[in-house]
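Let chain A serve as the given structure and place chain B on it in line with the hints.
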Amino acid sequence: MEAIVQQFFNLAIMERALPLVLAGLEQTIVICLIVIPLGLAGGLAFAIVSLSRLRTVRWAAIAGIDFFRAIPPLVLLIFIYAGLPFAGLRPSPLTAVAIAFFLNTSSYYGEIYRAGIESVGHSQWDAARSTGLKGYQTLAYVVLPQAVRKVLPDLVSNTVEVVKLTSIASVVALPELLYSADMARSVTFNSSPIVLAAAIYLVMLWPIVRLISRLERRVAA
Amino acid sequence: MEAWSRFLDTFFNWAVIERYLPAIMKGVVVTIEIAAAVVVTGTLLGLALAIVRTFRLLAVNALIVVFVDMFRALPPLVLVLLVYFGLPNIGINLPSFVVLWLVLALVLAAFAEEIFWAGILSIPKGQWEAARSTGLGFLGTLAYIVLPQAIRLTVPPLTNRTIAITKNTALGTVIGVGEILNQATTAQSFSGNATPLMMGAIAYLILFIPVVVLGRFLETRFVWRRV
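Chains as they are written, first to last, in the working numbering: chain A, 1 to 221; chain B, 1001 to 1227.
With the rest of the complex left out, here is chain A:
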């Protein structure tokens, strides 16, 4: 018991690691502020293209979504970070993370939007068009608001996944929350800094996870 407390809940070590871990948290927040809006925008683009009247365009969009859903994000990240230099491009860790996350999260968000848009009845389109709204206006003012409402739990839930996923940026030495905590761990030979990082993730995400559970029940009911 004593050993467990020493090894995982060592307050003295946590206190020493705190400044480093907080700097990591800041970097994690910066990554989130970059990749979440990018993913939401890219996802919307994917979804709109996948609704195209041209079959080839539609299929290409869906193939793109499935392609990036099939590749583990860490594989994509390492491919971009370690593979592109061979082609003469040297992305910084942050650029590599932004590109990898853009491709990965856009495809997930895209699939969610697509399901939402498809669940809005076709009569909504017809009715909106018959009032004189143009196609893009129908999408923006009539269909999307209803679609987003329907898939809101999924959008929020995917956003939680994106925040959690930022931890893989540590693999390309981007000094975010997990990377900083792991640095502190390797210096102190003690896991308490990682427990501290885990606690920070919990504080950030637990309320949202609770919220999702409630949202999901309400929409399902």
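Hints are supplied without guarantee of correctness; some may be wrong.
[As the list claims (entries may be wrong)] Derived DEER-like restraints, expressed as beta-carbon distance ranges:
| id | chain 1 | residue 1 | chain 2 | residue 2 | range |
| --- | --- | --- | --- | --- | --- |
| 1 | A | S186 | B | K1026 | 26 to 32 Å |
| 2 | B | F1007 | A | S186 | 35 to 41 Å |
| 3 | B | Q1127 | A | T188 | 52 to 58 Å |
| 4 | B | F1067 | A | Y141 | 41 to 47 Å |
Keep in mind that the hints were calculated from the coordinates and are not lab data.
Note that CB positions come from ideal geometry on N, CA and C, so glycine has one too.
Chain B in isolation, oriented as in the chain A frame:
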């Protein structure tokens, strides 16, 4: 033409492919083994927890909810590092693939419990009452009436979640599990060529595109549940 052949040389180098194909294949086998172990143990544990939750024992359910929430809120890589580097210091030494399996199975169990539980809750009370009135006991009702209907509803979300968590086997590379990504990065640094990374990416595509397409099929087959 020059640039094209240089591109092929760096990303699709035949000599490199021949040399490292066996290593990548070994990685594929490890990935499949861990993925299968995670899927089986994770979904079964999740189902077991959801069933325990139907007994509505206050203290037990509180524990389940805390477990589920924690494993849904924590990034899997944090858990992997915590278990892998933390346990040896308190005298527990687990091989790295066991650590990966354990963490991913628990994460999947947490998500699966939540999905199964939502499925069970979505079965109308009348079903329970009608079944009980025919003389079926609580467990009989659960096993023959409620679960068969509930599990049907859970197939699409559970499939998608399972795919997402199975892809996390790539995290094993961080703690040296010899799965696809690990083999690919090792081969890349030995050969000084990007071809192994390409091979690894293609191996994942071959493994996962069929499952992703299956997930999409199941989703249309079992219909978008939210009206």
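Structure-based check of all given hints:
1. A/S186 x B/K1026: 26 to 32 Å: holds (29 Å)
2. B/F1007 x A/S186: 35 to 41 Å: This hint holds: roughly 38 Å between Cβ atoms.
3. B/Q1127 x A/T188: 52 to 58 Å: holds (55 Å)
4. B/F1067 x A/Y141: 41 to 47 Å: holds (44 Å)
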